[in-house]
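There are 8 protein chains.
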Amino acid sequence: MSDVINLDFDREARCGLPEAIFAEFKTPAQCAAIATQLLARLGYALFTRVTPAIRDALIARLPDAPRQERGRALLLGAPPPRPRLPGTLLIVAAGTSDLPVVEEAALTAEMAGARVETLTDVGVAGLHRLLAATEKLRSATVIIAVAGMEGALPSVVGGLTAAPVIAVPTGVGYGAAFNGVAALLAMLNSCAAGVAVMNIDNGFGAAAHAVKILRQLSPRDDR
Amino acid sequence: MSDVINLDFDREARCGLPEAIFAEFKTPAQCAAIATQLLARLGYALFTRVTPAIRDALIARLPDAPRQERGRALLLGAPPPRPRLPGTLLIVAAGTSDLPVVEEAALTAEMAGARVETLTDVGVAGLHRLLAATEKLRSATVIIAVAGMEGALPSVVGGLTAAPVIAVPTGVGYGAAFNGVAALLAMLNSCAAGVAVMNIDNGFGAAAHAVKILRQLSPRDDR
Amino acid sequence: MSDVINLDFDREARCGLPEAIFAEFKTPAQCAAIATQLLARLGYALFTRVTPAIRDALIARLPDAPRQERGRALLLGAPPPRPRLPGTLLIVAAGTSDLPVVEEAALTAEMAGARVETLTDVGVAGLHRLLAATEKLRSATVIIAVAGMEGALPSVVGGLTAAPVIAVPTGVGYGAAFNGVAALLAMLNSCAAGVAVMNIDNGFGAAAHAVKILRQLSPRDDR
Amino acid sequence: MSDVINLDFDREARCGLPEAIFAEFKTPAQCAAIATQLLARLGYALFTRVTPAIRDALIARLPDAPRQERGRALLLGAPPPRPRLPGTLLIVAAGTSDLPVVEEAALTAEMAGARVETLTDVGVAGLHRLLAATEKLRSATVIIAVAGMEGALPSVVGGLTAAPVIAVPTGVGYGAAFNGVAALLAMLNSCAAGVAVMNIDNGFGAAAHAVKILRQLSPRDDR
Amino acid sequence: MSDVINLDFDREARCGLPEAIFAEFKTPAQCAAIATQLLARLGYALFTRVTPAIRDALIARLPDAPRQERGRALLLGAPPPRPRLPGTLLIVAAGTSDLPVVEEAALTAEMAGARVETLTDVGVAGLHRLLAATEKLRSATVIIAVAGMEGALPSVVGGLTAAPVIAVPTGVGYGAAFNGVAALLAMLNSCAAGVAVMNIDNGFGAAAHAVKILRQLSPRDDR
Amino acid sequence: MSDVINLDFDREARCGLPEAIFAEFKTPAQCAAIATQLLARLGYALFTRVTPAIRDALIARLPDAPRQERGRALLLGAPPPRPRLPGTLLIVAAGTSDLPVVEEAALTAEMAGARVETLTDVGVAGLHRLLAATEKLRSATVIIAVAGMEGALPSVVGGLTAAPVIAVPTGVGYGAAFNGVAALLAMLNSCAAGVAVMNIDNGFGAAAHAVKILRQLSPRDDR
Amino acid sequence: MSDVINLDFDREARCGLPEAIFAEFKTPAQCAAIATQLLARLGYALFTRVTPAIRDALIARLPDAPRQERGRALLLGAPPPRPRLPGTLLIVAAGTSDLPVVEEAALTAEMAGARVETLTDVGVAGLHRLLAATEKLRSATVIIAVAGMEGALPSVVGGLTAAPVIAVPTGVGYGAAFNGVAALLAMLNSCAAGVAVMNIDNGFGAAAHAVKILRQLSPRDDR
Amino acid sequence: MSDVINLDFDREARCGLPEAIFAEFKTPAQCAAIATQLLARLGYALFTRVTPAIRDALIARLPDAPRQERGRALLLGAPPPRPRLPGTLLIVAAGTSDLPVVEEAALTAEMAGARVETLTDVGVAGLHRLLAATEKLRSATVIIAVAGMEGALPSVVGGLTAAPVIAVPTGVGYGAAFNGVAALLAMLNSCAAGVAVMNIDNGFGAAAHAVKILRQLSPRDDR
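Chains as they are written, first to last, in the working numbering: chain A, 1 to 223; chain B, 1 to 223; chain C, 1 to 223; chain D, 1 to 223; chain E, 1 to 223; chain F, 1 to 223; chain G, 1 to 223; chain H, 1 to 223.
Think of the hints as simulated: they come from the structure by calculation, not from any bench. Beta carbons: idealized from backbone N, C-alpha and C, even for Gly.
Pairwise CB distance ranges, derived in the manner of DEER restraints:
#, chain 1, residue 1, chain 2, residue 2, range
1, B, 56, F, 133, 56 to 66 Å
2, H, 63, A, 52, 31 to 41 Å
3, D, 27, A, 63, 20 to 30 Å
Capping the alpha-carbon separation at 20 Å, the derived lysine to any residue pairs in SDA-like fashion look like this:
#, chain 1, residue 1, chain 2, residue 2
4, F, 136, G, 127
5, H, 136, C, 127
6, F, 136, F, 115
Calculated from the model, a selection of chain F residues having no Cβ within reach of chain G, i.e. all distances over 12 Å:
#, residue
7, 32
8, 40
9, 41
10, 57
11, 62
12, 64
13, 68
14, 78
15, 80
16, 88
17, 110
18, 113
19, 118
20, 217
21, 218
Excised from the complex, chain A in its bound form (with noise of 0.2 Å):
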């Protein structure tokens, strides 16, 4: 069985994002030799979901490369200067336990060109910072949502903005939160109109979803 491995250069192209490797289940080895290809082709090379082997593999094997650590996402070169994107994308979460899910999603929408502000600490057994900050929920394009333990947030923002918001759940929890599914499953439910789930503690792909939005914002000829 050959070992290549077939990347697919073009999603960049085709769908409008950075390209980005779940690195979890892969072994170190096989990141490194992804992170070579990436970066001689791209550029850039970014990791989600990385464990201390697999970072340390990849600064072994690519020592030079500039590198951004941000909760367990990982970035490997200079990606490409994107044209600013219109709007805003503003990241609220629940707690402190939150942020590297906070932190995997700023990086995400920042490399594809976003302007990415965040409220942190806002959980909704003391409603008034969140409501402190109003204005500025009223004020973004589209909103990420984090949150662990009963994933109350999405719904209290999406109660108090007509912005679409996209609910994370975390991981954050014990006992009955089961690693975030009492998180999912509210989110899930959410008696807000319209909120939008992803997976546990996938600030990557709220991010994406986020940019999708983003990017229809602006003029496209091919239309």
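Following the hints, position chains B, C, D, E, F, G and H against chain A.
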């Protein structure tokens, strides 16, 4: 096998609550027999989770007993007057669909002597309705918060008041609501400290817990 | 306990969506009362997940109101004309059995002013049908992809277009489909970046998210 | 993205409980930063679900702060003296393995001014031990019942006393205990009326609910 | 495909139990055909989990056969007299709703020659009723303990006697009872050593296990 | 909170089984303290589900106590000699991976005075091995059948013998075995009448049930 | 939205199987429209999982079409004669209740030209019936094994023959059978190597897999 | 209890597959003993799901045996040469992370004499890669399709070819992938007719099913 039903008539004396019969899994004939015994002994019979067939059987057997129907609860006869309990129980609910559970809880608590207030249609996707009632929330002695779907109401209520909050998930919702499981999990994982949770749709149990709390506020000679 | 229903008439102003009533867990009498209030106030009433008994009660109470039935959604009265939203919403569906969800989504989006196109019977086991419509997929502003069983359609669609994709699992299937859970999980784990997911059979919610996106394309003075 | 942590210092005033930090999903560095802020502002910092790495980081950062370790909870600094709350909280537990949850609950309640008694190793398979303490059960104002495995203790306790019972399932057990799910479900389905349930291993939350009850027994001027 | 039903007439000889037919998933016509064969061959036919349609079909086909209906079990014809088994089987049950399972077990065991006693309405929230029967519990040779909801009865019984205890969860309960799953899990995790568990509502199976135990007490020539 | 551990020394007298300590969730220090108490009082201490850390702590504390290690069970000291129980317990197991559970059951039963035989590596995919032992199966008084993966062994064994069968699922398997859940469900649904089931990996419990059965075969004066 | 149903008439040419329509989630009107199209185009229409309402609608619309009903499958019209496939398909089933699935599989395979044999009522609790057919098992080219409850049949069959085994779990059972989940998990974890599994009750799919295997035995010119 | 391991040396003759040992739940010592027996008897030993500790123990015990490691499978010794089987097995996989399962399947099939081809990195979000290989898909005799995450690959492959498709879900994914459950459910619900499914990560089993199919293409005298 003998057919005699072995009721626990002392529970009220032992635990301070009206006796209630969980009707759903009993046959109409069993329910009618129990009602006859209870009316003779206690002067009333309270049934929860009454099906239409059971309701019809009870009325047919005891056509002259005064009755009160609230939600799926049915009270036959006249409970003895009880001393008014101190404090106030406030029952808040997210939506119109949650009302049967509110009614079961209110009937139970009122029978036990509690002063009951309600605040309904205050779901978290329209926070202004709940915030407008902040004063009411803060002046309650104990609060029952009832919600289906994402079950976020107890978390928000728990952050607005120092009163103990009893959360009751309801089966309202569809798909990934899993007949109340989503709301149940959300409530068990509330980021508001000290929210205690009842089984799905268990308005009776929430009222029982609330009444036991209110009873502790009374002077008791035997301690 | 008062019987007054406390509707949130401002939601449309606050969130930019037509008000819709989730009918399934309400009594026919509650639905009829709500419909009367809404027609008087807004000129229309939109109900989702309508049961036959509720449908009959609504028509009996409001026999003269114009009505439109699509899937399990029922629209009474005449919504006010809204400005046409920019862009196009494309709703794609895997099979004939998914049509009720497609119809609920289409009705909702059309009421909000969206231009809606549909593409049905394009399940992934017969790819030629979907591939033949690639141009249509690529020219849409936002796409709702509806599928039951293995729920693979959004992944395939997401790989063919740069538009944001909103996935709606349906309860179509049997056995290990678990009433839509298999499709829900598949969509949450889509390998196509940025697929956002709604609750099972939630056509209304998908349309709400899509409309919120389309609304961001319009020039808005207040930002 | 700014690194400032946005603590909710007013929660204690608003809800009447000591502030506690859920440590498990935070980095050691985040916990150390939070501890420093809390000690400066409140004079103490209470962490629950502390991992060894977090414990070491907290002690390294604040080596001179007085500390108290009970179960997986860690208290740094000296909480301000609080007035003694009326009544008694009794914590009962089924087995030796449940002690960490007992200790977390006891520490939390004592910090809030409660008089706490404990009764351990009273699992239901050896009823004589529990029955021997019936008087103690009956004289408590509020009871926390902690159990893993089949989680039957709260049902038996709830039948022996009129005090409100707060049930805490623990993760003790194996196989079909599913890390506390069996006990959680048993407690949610207790046939003893009015048993209220917390998340698995949530000793802190149980104490918070108990303290909120005890606080309602005090004369309050503002009502 | 031939329509001949291939019954295992030797099971009784091989395993020492009356043959029983699990009716629920068979068509009424299949059941009627099986009944006819069994009556001709064995003189009786025992059906468990009989639906009303199946019951009607059996009676219509075999109107003259003597019959006995207990719970959802139906016995047609007259089983051959069997020698009385040594010892006593005691069936205890938590509530009135559990009686159908008690009856299925009792009928099965009596058919096999066992001496059966019952003790019902002895749920653990009213311990005095169970404790009053301690002597009865201790004199039984084998005990079947039937309970729904939190399923705690077998744990308490198992701690009061040295007899082998067979636990049968029932579907009695609602919400997080999950049709008997809560009781099943509780029984599997019993802290009373040696409690063995049957499927939900499986009164027949419990009786079968009990009878196999009682048969081992008899002198057997054929070994 | 006092540190005294409240052991139930009378269980053996009450229930006829050696006392065993479920070690897994206790600290090594707790286990060592319990062992010391038990050795002083009973002359032996039996621990199940012993982790390496607990094993080391026990040996360090009681280096001179005789010990016997079988599977994950550890016996310290010398149990008092017991009268040989009548009959034979046969333990059958599907595969080599199931042996730790077999050993835990065998040790427990032997300590209680049972005559134990074993038959291993008789998985149902190679039936000839099991069929070759039919005589052994038929001559046993009671059988424990241990299996992981699809858990079919008890069904096949139950069809070959009239002895009571106790089924023990093990965690052997992967993926959809769900750590023994697949085997547990299979055993609960056995089509062989009267198979009784224990928790996953609960060899101790199976032996306890078996011993209780064997004890009923003995003449007892007190009945 | 257009009402045209977009059938995939080429599937048979592409995949070598008769077209079948999964009826259950379609409306009777949709099914009738599809039947008309298929009869006109292919000369037959095969529906699986037909409800009584759909069955009635199909017969009312197409009263003159020849029809064949087997299990829940309904064949209208006359499929074109196909060449007889090489080899033999043997369908084995555990019990009478599994027959509808057997019939659906047999009808599908026969329509595709397969030689089909059946062997029913061979559940593993009465092994002698299965062992008596060992020769038949060994001479089959491919085997479909159908079972509910504990789902052990495919494991036993897989150990007796070298033919590929396709396992079909059925929903037969109750309680912890979870509508076929127990059997499904057992089959996925079969210790007999190479057992492949279909969805619960999916007799059509099993036949499709079997027919695809048999087709590979034929000489094919076009490859 | 004797320590002799009772291997089923005849399985190969009976079922036509190389013997493989599922290593994961065995101790290193058990595996080493089995390897020694197998090498002496068969000349080779194939282990699947080998942990690092087991791998080390096997090499330490049998340092001179030739070995081949692929994915988590380890082959020691030299299997006897087998006749080449007719036809071709094609293994397709969605991503790089799925390669260990591909390798386990390829090694197993090659050992049994199959001609194996592979096609990897053909996930459905980049369809062009799969479509480019349509010819290869159509010329295969049997196909194994391996995928994690949403598990859509077998459905798409099944629509493109008439060969029997064997689906293998992998544990690749996170959050709501539930270690392969999402992919497993998707595959069980494939809308492509006749996709048969293996346990999560069961590359060995898929190869076994495929080999059994290929073996049926050979002329056999005994039919």
